[in-house]
Amino acid sequence: AQSVTQLGSHVSVSEGALVLLRCNYSSSVPPYLFWYVQYPNQGLQLLLKYTSAATLVKGINGFEAEFKKSETSFHLTKPSAHMSDAAEYFCAVSETGFQKLVFGTGTRLLVSP
Amino acid sequence: EPEVTQTPSHQVTQMGQEVILRCVPISNHLYFYWYRQILGQKVEFLVSFYNNEISEKSEIFDDQFSVERPDGSNFTLKIRSTKLEDSAMYFCASRRDFDGEQFFGPGTRLTVL
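Just so you know, the protein sequences line up as chains X and R, in that order.
Numbering-wise, our numbering puts 44 at position 44 of the first sequence, and it's gapless, one number per residue.
Numbering-wise, our numbering puts 105 at position 105 of the second sequence, and it's gapless, one number per residue.
Because the hints were derived from the structure by calculation, they are not lab data.
Keep in mind the model is a prediction, meaning the values are calculated, not measured.
C-beta: ideal position from N, C-alpha, C; glycine also.
Treat the hints with care, since some could be wrong.
[Claimed, not checked] Per label pair, the in silico range of CB-to-CB distance:
1. X:Ala1 to R:Ile54: 15 to 23 Å
2. X:Leu20 to R:Asp63: 26 to 34 Å
3. X:Ala53 to R:Ser73: 30 to 38 Å
4. X:Gly16 to R:Lys78: 24 to 32 Å
5. X:Leu110 to R:Leu113: 28 to 36 Å
6. X:Leu20 to R:Gln14: 29 to 37 Å
7. X:Lys68 to R:Thr7: 35 to 43 Å
8. X:Glu71 to R:Gly16: 47 to 55 Å
9. X:Tyr39 to R:Pro2: 14 to 22 Å
[What the hints assert, rightly or not] Straight-line C-alpha distance at most 20 Å; calculated SDA-like pairs for lysine to any residue:
10. X:Lys69 to X:Leu56
11. R:Lys42 to X:Asn41
12. R:Lys42 to X:Lys69
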């Protein structure tokens, strides 16, 4: 069965600092990997996805993630945090097939001035 | 820009009552999903629907749950006899292609008293 582990339920950074949100996956088949963002009282918005093409994936709002098969990781990064990045971030995995998403527990990003 | 819509945004019901949560997926999408998120927990897959039938369902999706696409535009989730533990945010999602992005609605918050 597929699963995702997100280390750190909360991450705090200062505005302008590097953002690093960690995600490790478990999958018996080559995975599709996703990062979603959830702003307060809103639905889930796709930030980026990995679908076995380039290992470095660029998404919206300046975020990117690198697929590392040897480490089974798909960490999300952004060079410089903005106040507007404060939200909940979810990593998700699916099989190369039907595409049901299996989510991690989420990481709340807090950005201070 | 097309979006998935859900109604109502918040539903309060008494334990044992039936509720119907409504979703209008993006018009040219073919694959439909329900997920739920209990407060403070991760987003969990409930059911997927394609070609007017359930494609996959999770252990959560027991006989108390049903889905329907009654008229080619709406996609509904019915809970026949609600329990306290059904209190959660319910997200609808839709996808156009077999391999495409899932677009999420803003969710319906269900509160069972």
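Taking the hints in turn, this is what the structure says about them:
no., hint, result
1, X:Ala1 to R:Ile54: 15 to 23 Å, "holds (19 Å)"
2, X:Leu20 to R:Asp63: 26 to 34 Å, "violated (44 Å)"
3, X:Ala53 to R:Ser73: 30 to 38 Å, "holds (34 Å)"
4, X:Gly16 to R:Lys78: 24 to 32 Å, "violated (48 Å)"
5, X:Leu110 to R:Leu113: 28 to 36 Å, "holds (32 Å)"
6, X:Leu20 to R:Gln14: 29 to 37 Å, "violated (45 Å)"
7, X:Lys68 to R:Thr7: 35 to 43 Å, "holds (42 Å)"
8, X:Glu71 to R:Gly16: 47 to 55 Å, "holds (49 Å)"
9, X:Tyr39 to R:Pro2: 14 to 22 Å, "holds (19 Å)"
10, X:Lys69 to X:Leu56, "holds (12 Å)"
11, R:Lys42 to X:Asn41, "holds (15 Å)"
12, R:Lys42 to X:Lys69, "violated (24 Å)"
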